[in-house]
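Protein chains in written order, with this note's numbering: chain A, 5 to 341; chain B, 5 to 341; chain C, 5 to 341; chain D, 5 to 341.
Do not take every clue at face value.
Because identical chains share one entry, a pair is satisfied inside a single copy or across any pair of copies.
[Said to hold, decoys possible] List of simulated lysine-lysine pairs, DSSO-like, C-alpha gap at most 30 Å:
1) 135 to 297
2) 254 to 297
3) 135 to 48
4) 254 to 135
5) 48 to 229
6) 297 to 48
7) 48 to 254
Worth flagging that the hints you see were computed from the coordinates, not collected in a lab.
Protein chains: 4
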Amino acid sequence: MIGVGIIGYGYWGPNLVRNFSEAAGTRVVAVCDIRAESIAQVAKRYPTIQTTRDFTELLNDPSIDAIAVATPVRSHFELALGALTAGKHVLVEKPMTETVEQAHRLINTADRHNRVLMVDHTFVYTPAIRKIRDLVAAEELGEIYYYDSIRVNLGLFQRDVNVIWDLAVHDFSILEYVLGEHPVAVSANGASPVSQSPESIAYISLFFASGAIAHINVNWLAPVKVRQILIGGSRKMILYNDLEPSEKVKVYDKGVMLTDDPDKIYQLRVGYRAGDMWAPRLANSEGLAVEVKHFVDCINNSLVPETDGSVGMRVVELLEATSQSLRRRGQPIELRG
Amino acid sequence: MIGVGIIGYGYWGPNLVRNFSEAAGTRVVAVCDIRAESIAQVAKRYPTIQTTRDFTELLNDPSIDAIAVATPVRSHFELALGALTAGKHVLVEKPMTETVEQAHRLINTADRHNRVLMVDHTFVYTPAIRKIRDLVAAEELGEIYYYDSIRVNLGLFQRDVNVIWDLAVHDFSILEYVLGEHPVAVSANGASPVSQSPESIAYISLFFASGAIAHINVNWLAPVKVRQILIGGSRKMILYNDLEPSEKVKVYDKGVMLTDDPDKIYQLRVGYRAGDMWAPRLANSEGLAVEVKHFVDCINNSLVPETDGSVGMRVVELLEATSQSLRRRGQPIELRG
Amino acid sequence: MIGVGIIGYGYWGPNLVRNFSEAAGTRVVAVCDIRAESIAQVAKRYPTIQTTRDFTELLNDPSIDAIAVATPVRSHFELALGALTAGKHVLVEKPMTETVEQAHRLINTADRHNRVLMVDHTFVYTPAIRKIRDLVAAEELGEIYYYDSIRVNLGLFQRDVNVIWDLAVHDFSILEYVLGEHPVAVSANGASPVSQSPESIAYISLFFASGAIAHINVNWLAPVKVRQILIGGSRKMILYNDLEPSEKVKVYDKGVMLTDDPDKIYQLRVGYRAGDMWAPRLANSEGLAVEVKHFVDCINNSLVPETDGSVGMRVVELLEATSQSLRRRGQPIELRG
Amino acid sequence: MIGVGIIGYGYWGPNLVRNFSEAAGTRVVAVCDIRAESIAQVAKRYPTIQTTRDFTELLNDPSIDAIAVATPVRSHFELALGALTAGKHVLVEKPMTETVEQAHRLINTADRHNRVLMVDHTFVYTPAIRKIRDLVAAEELGEIYYYDSIRVNLGLFQRDVNVIWDLAVHDFSILEYVLGEHPVAVSANGASPVSQSPESIAYISLFFASGAIAHINVNWLAPVKVRQILIGGSRKMILYNDLEPSEKVKVYDKGVMLTDDPDKIYQLRVGYRAGDMWAPRLANSEGLAVEVKHFVDCINNSLVPETDGSVGMRVVELLEATSQSLRRRGQPIELRG
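Put together the whole structure using the sequences plus the hints.
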């Protein structure tokens, strides 16, 4: 039975507490939050879980084997570093850290202490994204042409991170998982129409050595909520709508075919192919439940998580480069790849 | 009764012939196309309309007062110039010309011959776009924050123009009409995954002096057709879905409000405002019918068209600058404004 | 080349003229309508087609081999009878006649004169309905449990027929074609809230010997247009949405499974099966074009049409029985089957 | 502080426990269920709540002032009767009882003991239905023409009640609340295609003295989930889609107008009126939370609940009459009104 401590009981923390409570093989020992009202909420809902406003209590508690960090980004590094140094396994909320440098240090610390360091890229553990990855890996789509994501809604402005760190981070983690290819350059621009707030609108293009392009449209000021990804390949195309209650993933047997008829002077030299559409059945499992189970497996069997520190670091690298391009109105930034 | 000649009977020409046939005050005298099968189609459907493969016949026909040019872009300049020089009024398909230089010469020629030169920016004449323009002009939306368009489908590859000249041109013409403000810079990137074809995917950001941003996502390789524009303002927001049979335009009484509570350290300092949604009734009229009527009014009453040569030229300027940025992977290009 | 005359140029007539004009092997000789403005419209659009307000001219014209009747229902019988008696093949608009008795006489007349008598049940010739029939016939759905249709919109009130004769007739013709089984009883009720108008709302249940049930919801007073049919079977289920531009037909691999666990006292004893969803590609063909081609084939090769007089008569029988039950607030009416 | 006991911890019970736990002024004292595993679940999630498999413990517990009954229908009467007799206030799950006779006895018992008897018609307490009731009450819709509900899904077969008692009961309770008029007759039919199961498909028509008609389509064998109600009036019309995350209620300014032009012989004599569509903002509150608060108010201030025993009894009367008509294939059944 792995003892778990959770730091941060704001938006995401309650989901972690619930999932670690219900998972086989784990027990939530304590929850820490600096806000008295959050602590009171935990105490009311889970009378058997200890609560504290001082995270060092968790570090010093020998019954705690693993710590999940679900605080604002700026405290991820310090808390995760403390936990790893105290010999705890760590699951850290995305984005992993504020800088690549910090991510690097966490990875080294985890290595040195031989602890599991995993980043909470939840989408990677959802049935929809896993199905998409499988289809891409099996080359069902053929050569990947593009990945086009729209992730907009009215809301939640953050005090200190912009819309890229809040929303585009999901697409960066999905891209890492699905494409298995790291981009070579990024161009981004956006706007911050609400005064004294960070960017609430951003448009990001990622370029890949294979010729594929990814584009991400994130916006906190949209009147409707959209969570939609198009993936186009040479053989098939996918439409993934995360707001659909069922049929989240639709696979279209559609594409183009070149023709070489030189007589078609006004006309297209590209033909179209339209076949069936198919929506594979997806398991009903909650991403976070799968992820918690994987975290436990990694601890118990010394495995490398699918979303380990190095994946988390690559996502932070993308966030940094995107922010840099954004400040320069779309100037492309090269990536280490 | 204005005699009309139409050059080009491909994708759009039949719509022009139908609308000029049904309009009050106009008579279609002749249709010209270099393809024998197009000519044959006209002759079968409209036995009373003359047909020819030589456009000079139209220029020399004194019963023809106005000429509509609906050929591929590369011939717009030569045909429109010939028609204006022959003393005809001209309605030219969008985009007006291949270069700003050509657009400039057409405007001068029309001025010199005192003829109407109008560009076929059809969306500007649809009930939906006119309603949106009215709402923006009446400041119902408050300060405009962004214009975000998605215009994708599995679509007609053109031999010699890319997806920007085919699809983004619609958004450029809508922006000119709706915002009444010319952008100051553009950043664009895209991809041409189908070998030996022009760009079939593009992402374009336009920057305005007011701080507003416009973004246009155009794609010929999408498995589904989307025609959707979001416009966000400080007071209200619009969702325009051109594929909705009714309720194409939805106005959301939604927005953000700043709060200055310094205690909310983890929290948002921006509040949300959510009110009613409202879908104004739109007239049932076809954009092209309204446009043809306006063209006739301009000829008969010596008026300046809403989409005259200078509007057409600004759109061509945007196309040129966008193509330039695209070649440089998003490098921002300044515009004359 | 079959010479065709068309009687009635109102809502549907123009579609017949267009399709018979464009079909291989037919030539539209003349159009008849008693309204001067309809005649004028034909003359303007099709200068080579003769027009008349007297339908006997069509009967006497030896260059006319076949007549299509697209007038209000109450004149179908007289016009079709005249045409058959004059030795013409006949395509008559749905519903075939006002009474079963009339339908019977038309069938006999066609037999006696050895002419083709076909009823214009257009949906039967659309790619969507043909695909559904194929799936049902191949027992892909297993045993058919139900057919549930919603066919509502704002409008078009007719002067002398109610919503059943206008809209439910489509479902009756689809049922005849798809199920291959005639109902044994019908129960219907409805309302006529608009004073002095025929019923504009109706709900119809049809019972089949197999145990299947069909239900049809038709309404001229709905604020939105719906054209949706659910078909449930023991193995698969279909959702057919005629307003979808693509993916009109969706096949769900879903169903129920009985379990016999006697311990589940509070619980379900029926389990659920959920598999993939699949939307077969459908041809792009227009139903009426396929139908016109079939009519020509039947004439040229002395074939029995898929929607011949006997099918038309069964649909009229359903209309009569439904109207009878409607007047009795749902009292079930037995059918000859 | 009102002490609350909850009997039945199956599908709905957990929602009651959660809402009574979070409500101001109530405390959940004990939960009773005859299944050991349900009891264990409560004990795990709510360690401070007592659990028992014997409901008489709740009746005898003086710290319990009110009892919520959330068991299968067949035990509602016995449990509610016991609770009322023991002097407890009672909130009973819908449908209130199996027979009108039982409902009558509960009402009398509550009166005699001066206790609150409330039926859990949850929809009545949702923001959407309350908004619709307000619009109808304010005569925004004009005269009500029809209420047309579709409530289908692949769904939970019950051992001993059919789809009417499971799903149509919602519409019966909504109709009672929204229309303020009791139907005068009912006609229903349906099918039970799954062998040895109660009816899983039903179509119900309700007739009102005002001329309005209500129709309810319920189905446990549909491949997709639909929760949609159309309400048509002489002035406006409503579309209520409970599955929409926002804009659940849309109000259409549409309707018909009679014209008296005698010349329109082929044509409609009814004109159409199409205006704006409007989706009022709805509060975010959960129906059950509002309902629990109302129950507490009624207890504390001796008020009559909006969904008291007499409303519950009228719904049971509709269920009984509907079942009777169903057995007779649509034979209309008169109601006491």
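Hints, one by one, checked against the model:
1. Taking the shortest alpha-carbon separations for residue 135 and residue 297, only the intra-copy value of 18 Å comes in at or below 30 Å, while the best inter-copy value is 44 Å.
2. In this assembly of identical chains, residue 254 and residue 297 lie within 30 Å of each other by CA distance solely inside one copy; the values are 27 Å within and 35 Å between copies.
3. Taking the shortest alpha-carbon separations for residue 135 and residue 48, neither the intra-copy value of 39 Å nor the inter-copy value of 34 Å comes in at or below 30 Å.
4. Taking identical chains as interchangeable, the C-alpha atoms of residue 254 and residue 135 lie at most 30 Å apart whether they share a chain (11 Å) or sit on different chains (20 Å).
5. In this assembly of identical chains, residue 48 and residue 229 lie within 30 Å of each other by CA distance neither inside one copy nor across copies; the values are 32 Å within and 36 Å between.
6. Taking CA atoms no more than 30 Å apart as the test, residue 297 paired with residue 48 passes in both settings, with 26 Å inside one copy and 20 Å between copies.
7. Taking the shortest alpha-carbon separations for residue 48 and residue 254, neither the intra-copy value of 42 Å nor the inter-copy value of 39 Å comes in at or below 30 Å.
Hints 3, 5, 7, counting from the list given before, are not met by this structure.
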